[in-house]
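There are 2 protein chains.
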Amino acid sequence: MTASDDRTGIFDTGLGKTAANYQPLTPIGFIERAAAVYPDRPSVIHGARRYTWAETYARSRRLASALLRAGIRPGETVAIMGANTPEMYEAHFGVPMTGAVLNTLNVRLDANAICFCLEHGEARVLITDTEFSETVKAALAALNRHITVIDIVDSEAQLAESAGERLSDTDYEGFLAGGDPAFDWSSPDDEWRAISLNYTSGTTGNPKGVVYHHRGAYLNAIGNILAWGMSGHPVYLWTLPMFHCNGWCFTWTLAALAGTSVCLRKVTAANIFGALADHDVTHFSGAPIVMNMIVNATETERRAFDPPVQVMTAAAAPPAATLEAMQKAGFTVTHAYGLTETYGPAVVCAWHDAWDGLSIDQQAAKKSRQGVRYHVLHGLSVRDPDTLEPVPEDGEAIGEIMFRGNVVMKGYLKNPDASEDAFRGGWFHSGDLGVMHPDGYLQVKDRSKDIIISGGENISSIEVEDVLYKHPAVLAVAVVAKPDKTWGETPVAFVELKEGAAPVSEDALIDFCRARLAHFKCPRTVVLAPLPKTSTGKIQKFRLREAAGKM
Amino acid sequence: MTASDDRTGIFDTGLGKTAANYQPLTPIGFIERAAAVYPDRPSVIHGARRYTWAETYARSRRLASALLRAGIRPGETVAIMGANTPEMYEAHFGVPMTGAVLNTLNVRLDANAICFCLEHGEARVLITDTEFSETVKAALAALNRHITVIDIVDSEAQLAESAGERLSDTDYEGFLAGGDPAFDWSSPDDEWRAISLNYTSGTTGNPKGVVYHHRGAYLNAIGNILAWGMSGHPVYLWTLPMFHCNGWCFTWTLAALAGTSVCLRKVTAANIFGALADHDVTHFSGAPIVMNMIVNATETERRAFDPPVQVMTAAAAPPAATLEAMQKAGFTVTHAYGLTETYGPAVVCAWHDAWDGLSIDQQAAKKSRQGVRYHVLHGLSVRDPDTLEPVPEDGEAIGEIMFRGNVVMKGYLKNPDASEDAFRGGWFHSGDLGVMHPDGYLQVKDRSKDIIISGGENISSIEVEDVLYKHPAVLAVAVVAKPDKTWGETPVAFVELKEGAAPVSEDALIDFCRARLAHFKCPRTVVLAPLPKTSTGKIQKFRLREAAGKM
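In order, the protein sequences belong to chains Z and E.
Sequential numbering from 0 applies to the first sequence in numbering that gives the first Met the number 0.
Sequential numbering from 0 applies to the second sequence in numbering that gives the first Met the number 0.
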């Protein structure tokens, strides 16, 4: 790997790699072990459907075998447009068992974007849940070539009346029936081989295809276990879409632990509490919107369950009020952070026993920080994006958040310029801005493009949002820049109020900010309206930025 | 790695390794994280000495820096003759930080054997605890070259009156004082680089030098966490010598978890209970002899502690009586198995919830099996040593136990023939005999050389020993072959009785066996006497075999 590799001491002579002492790392091996050691344990629960690890393994092998019989070859792409169902879970094993690459599509994308992904990713097979047939049909019509389509016809979707039309003569169960449940798959010949392809839903331009390899997927699957202190056989509720960074690699984590996946086609408060009560859920993860649902659930939606349930949340920092309500309701919240490019979470707000004694506000302040590197991440740093010098660890100096290590993507597909740019200087440049606290804990301040520069002063949109989240009537908030002749930019706040909350005026919210923030940071304008959100619950700031631009 | 490596699809183009997305795996990174995230947590406790992770990291960096200043270069060997002390722990990080290889010496070896290890391993530096000065002095006198010696002068050894004479002008603390606590070490340039050298205490001929690499040490450190379900910050009591497979890789595991090492210079029942009571120990591991000590402890040796304490035991299966006594006393026993060549334990008797309802005898029967592969081991199999065909998984057919994967050693140092022989056919041949049960759980039946062949029938010495262990008066037992003119071999049992147990005759023990075993398997001779043991509590069967040969 480096020049010194040709060192020839006594420890480098006659001690090479053999089949006995070297195997490429791959998370697929976890399912073989789960099925061998715990064949009868529940692997996947989806409504009335139940599978054991022996069954999920056999179904994954059937899928691999049937894909090979259908002509799929190593290094080719199999796309899936799926909800959180058993088929989606099985694809995370069956597809890479063939040496092919799994491309999980974001089900909220429109037909044009889906068409782009299929075209750019060169998918040869598309497995698609009939819930999304309308979009997929349009995408396929726009696609300039033939692609093999396999329909997922989910009985639970039929029950939920969310099933759409069939697009193919082949359905998933029929396809599996043609596969061999004892198929003798083999590990990749190199752990650097691609395992999956995840398109980032960029705010402008075409999506970029983030490529993961077997080594990184293996390591971050374990990284989740170490960072979250998981042991035993967790029962994991899928509020997080599996298409999102392969479910933050928890698809593979659950196989390593022989845990249970509880599927959830539709994420609602009632469905979440139902799963907690019926299946003894121990863990789930997702965007803050899921916590909002839980905290704001009605009495009829709530069900009793065995606390504590562990919750890993990412994207935005949990506001103190949400955190307190979650703790009182029996949830222990862990804050994590990462990007599609880092296999999902690669940073965790590692807790200290000493913090248990703090007030809830102080605990929320600790938890609002994104934290420290995963065990499996080599480096996490806040640096000047040009000089690559680390900023002072004072909690004040803002720089770009950078990652390095084995859980940073293989690169962007067919985009060497973007890969090179993202990796310049030996660090992955996240595009997020943050500060490093004196205790080595990272705090995200903003996306580069979300920072507001007013009169030459930087305003962190997150800082303003955090204040507004403290207002009892506020459900969700997003602060963006509005062009201003005098100041360059000024902050404008878009605010969604809680249903049934006491009415509050725009001016009252501005006053609320002025009582708690430097005045130059306070929004000049507040807009009360529902916020546009992505499928994963992220607020679509680019839309609000457009709106602010027209004000 | 293979011919197909030159595949050039879209996923293999422009997606190579960079400093941003690839780092060689190494367990040394764990201590950097522990010190950064948990600087004030206790790392090592040794009598009156206490260290935090910040301190242990700084001391390890001092050691690395001082070694480099003393002329050590990457790929050279640093040997240590140490008890379970902070210095020994620090050497597991400080030495590999320089790129050098740590050779932990078995402190029970005699001067000739130590001289052999220093000679064969080409050690340039020897760090040695004054407790072992007598042996080391003789070994150095026999060694035909100069070696830098650093004395560990441990205040706890002084208190215990086990300190011997100084062999050098340099003591460990003085040596550290010359090192840089902020030394900027770097990861190995290749994860295949050697990290440590462990000589196997073979029963005949010269010891073989088992070489570990950074990749395997990293993976088995994590493998322990996954196999044992460790989470949080364990408090680990060192009853197991750190010189034994680098403490089964728990040296590095504890850094990953920012746990606490409780050192123990002398393993006695009183010291064990003292540590449990004083330091809230959560985990320890070791040979069955340690469990015997605990079970047979006197009332004055016992102290109250917070149950349950997790115990990982290897070498021999825990007898039901021991298991029951341990459970009643507040210990949860996990059975593991491995060899020096597999980084210590690589097989674990993974427990099933359903087994909780079994009787203690049935549980003991389950636990008597060595179990299934670690998550980080790729393959575990029982095969015909010649044809390499797997034996039927029927719990009856005996074959050789074989391993393959990343936690199999790099090979034997300067012994390519032995490495090649051990790895023939792409499997590591353990030399142990076993059966595979229908549920995929391995059970060790014997070392190849320990099997007794009587009238053409194989007798497993372990099977006979298991029966004798059920006798209430038996503390320890070893069954070996005695040459016999008629039968070829017959079994002879060496038995050590419990102190204070009711007297039992040799004939009574033979009758006890005949009531429970096929008669041809029963010992013809029983010898009542203390058993010779190695430093790790293993009974030295080769000595008993010698004795039996002279009967």
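Treat the hints as calculated values from the structure; they're not laboratory data.
Bear in mind the structure is a predicted one, so any value in this text is a computation, not a measurement.
Hints should not be assumed to be uniformly reliable.
Under the rule of at most 30 Å between Cα atoms (straight-line distance), these lysine-lysine pairs were calculated in the DSSO-like manner [unchecked claim]:
#  : chain 1 : residue 1 : chain 2 : residue 2
1  : E       : K16       : Z       : K16
2  : Z       : K365      : Z       : K413
3  : E       : K444      : E       : K365
4  : E       : K413      : Z       : K16
5  : Z       : K469      : Z       : K365
6  : Z       : K413      : E       : K413
7  : E       : K365      : Z       : K16
8  : Z       : K327      : Z       : K448
9  : E       : K365      : E       : K532
10 : Z       : K448      : E       : K16
11 : Z       : K497      : Z       : K469
Which chain Z residues face chain E? A few, computed with CB under 8 Å, are given here [as the list claims (entries may be wrong)]:
#  : residue
12 : A324
13 : Q326
14 : K409
15 : G425
Glycine included, every Cβ here is placed at the ideal spot set by N, Cα and C.
Worksheet item: Can you give the numbers of the hints that this structure goes against, from lowest to highest?
Response: 2, 6, 7, 8, 12, 13
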